[in-house]
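Enquirer: Residues per chain are reported as follows:
2 protein chains.
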Amino acid sequence: MNALDELTESFSRLPGIGKKSAARIASHLLKTDSSFNIRFSNQILSLQERIKPCSICGAWTEEDPCPICSDIARDKTILCVVEQPQDVATIESSHEFHGLFHVLGGVISPLEGITPDKLRISQLLERVKLGVIKEVIIATNPTVEGDTTALFIQRVLQDTQVVVTRLASGLPAGGDLEYADRLTLARSFQGRVKI
Amino acid sequence: MNALDELTESFSRLPGIGKKSAARIASHLLKTDSSFNIRFSNQILSLQERIKPCSICGAWTEEDPCPICSDIARDKTILCVVEQPQDVATIESSHEFHGLFHVLGGVISPLEGITPDKLRISQLLERVKLGVIKEVIIATNPTVEGDTTALFIQRVLQDTQVVVTRLASGLPAGGDLEYADRLTLARSFQGRVKI
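Line by line, the protein sequences are chains A and B. Residue 163 in UniProt numbering sits at position 163 of the first sequence; the count goes up by one each step and never skips. Residue 73 in UniProt numbering sits at position 73 of the second sequence; the count goes up by one each step and never skips.
Everything labelled a hint here was simulated from the structure, so no lab data went into it. Note that the Cβ used here is the ideal one computed from N, Cα and C, for glycine as well. Any given hint could be a false lead.
Distance condition first, Cα-Cα at most 20 Å in a straight line; then the derived SDA-like pairs of lysine to any residue [unchecked claim]: (1) B:Lys134 - B:Ser122; (2) A:Lys52 - B:Glu6; (3) A:Lys20 - B:Thr90; (4) B:Lys31 - A:Arg50.
Pair by pair, the computed Cβ-Cβ distance ranges are [stated by the list, open to error]: (5) B:Ile38 - A:Asp5: 34 to 44 Å; (6) B:Ser46 - A:Ser12: 35 to 45 Å; (7) B:Asp64 - A:Lys52: 43 to 53 Å; (8) B:Arg13 - A:Thr160: 44 to 54 Å; (9) B:Glu96 - A:Pro110: 14 to 24 Å; (10) A:Leu111 - B:Val193: 57 to 67 Å.
Hey, can you work out the whole structure from these sequences and the hints?
Expert: Okay, structure coming up:
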């Protein structure tokens, strides 16, 4: 196996990249400007060293606390709970939310051995007990595990001062009734709003 | 822009990778085993150093001459002319051809400033003049530029001893008449064979 085949093999192990795409990318890197390859290779090598979880919210960051936790302009009374660090970037890109985040690091899934103590739920309770937070929005995915986790967190927080809410679930904007699955349709009926 | 965003940006500059896939891959590399990242980063860094064009056929190789040119079991009387180095791997994977290759390094395209002297056509003529080659199969793509280049090569070689052939063009195997474009249909009529 030569250098080109080895690199193709590595690319094909990345999520969403098949064998043909991997070969195409490897060929591209062979012909591209070498300064790009030097920079790209260095970015991969230094990634895990430079990015760490924020000690407060658990999001990925280069500085600790992360830029969101240390931003004085953010609303500190409202907290959005997400499953994964990458969910923070997704919500940030919507510009819909201006509070703080809390990353769980997964969802409760007994079959995969993920029990509540493996998630950052006790840290969430500690943050809530400081008394500043007024509302906790649970933004776990609308899946069985995401719903179970949301319910579990609601129970954990029920003796505190906060209001616990959940992101609305229903038909996606621009979607089509014809393509909606049964569960999505059921949820859009249950969550119907007066117009 | 933090290390994760920088890496995402680099991935999104690769062919066939959009912004969302790039972010997904960067997150994956953050969580993956660090030994993979070290190896992967090194493969990218050393690629252009390790892979060079073969001095005989122009294919990408680590050793010069390449394993195909130096394989004594290959048929040295038949030569397959391709546009790009990656075409060699495509044809090799079909196991249909057992001769030698010649990589042009592109196709004639006056609009893009690619004139015949920019391609490895004079080297092809030199190889043919050695007298060992009996047939030259032109395997440029069935496009306007590929056809023009094939015709040009046929003219260059017409005073030599070799037979010049072109890969058949027509309906792809497993394809459907309904989805064939006009040009492909026209070519499949022109190239029809007696059964």
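Enquirer: Run every hint past the structure and note whether it holds.
Expert: Okay, the hints, checked on the actual structure:
Annotation: proposed proximity of lysine 134 (chain B) to serine 122 (chain B) holds, straight-line Cα distance about 18 Å (limit 20 Å). The suggested pairing of lysine 52 (chain A) with glutamate 6 (chain B) holds, with an alpha-carbon distance near 15 Å, which does not exceed 20 Å. In summary, the hint linking lysine 20 (chain A) to threonine 90 (chain B) is supported, as the alpha carbons are separated by about 10 Å, within the 20 Å threshold. Under the criterion of a C-alpha separation no larger than 20 Å, the hint pairing lysine 31 (chain B) with arginine 50 (chain A) is consistent with the structure, at around 13 Å.
Checked against the hint of 34 to 44 Å, the pair isoleucine 38 (chain B) and aspartate 5 (chain A) fails, with Cβ atoms roughly 19 Å apart. Distance hint check: the CB atoms of serine 46 (chain B) and serine 12 (chain A) are about 19 Å apart, inconsistent with the given range 35 to 45 Å. Taking 43 to 53 Å as the suggested C-beta distance range, the pair aspartate 64 (chain B) and lysine 52 (chain A) conforms, at roughly 45 Å. Between arginine 13 (chain B) and threonine 160 (chain A) the CB atoms are about 47 Å apart, so this pair conforms to the stated range of 44 to 54 Å.
Separated by about 53 Å at the C-beta atoms, glutamate 96 (chain B) and proline 110 (chain A) break the suggested range of 14 to 24 Å. About 58 Å separates the C-beta atoms of leucine 111 (chain A) and valine 193 (chain B), a value consistent with the hinted range of 57 to 67 Å.
Hints 5, 6 and 9 from the earlier list are contradicted by this structure; the remaining hints agree with it.
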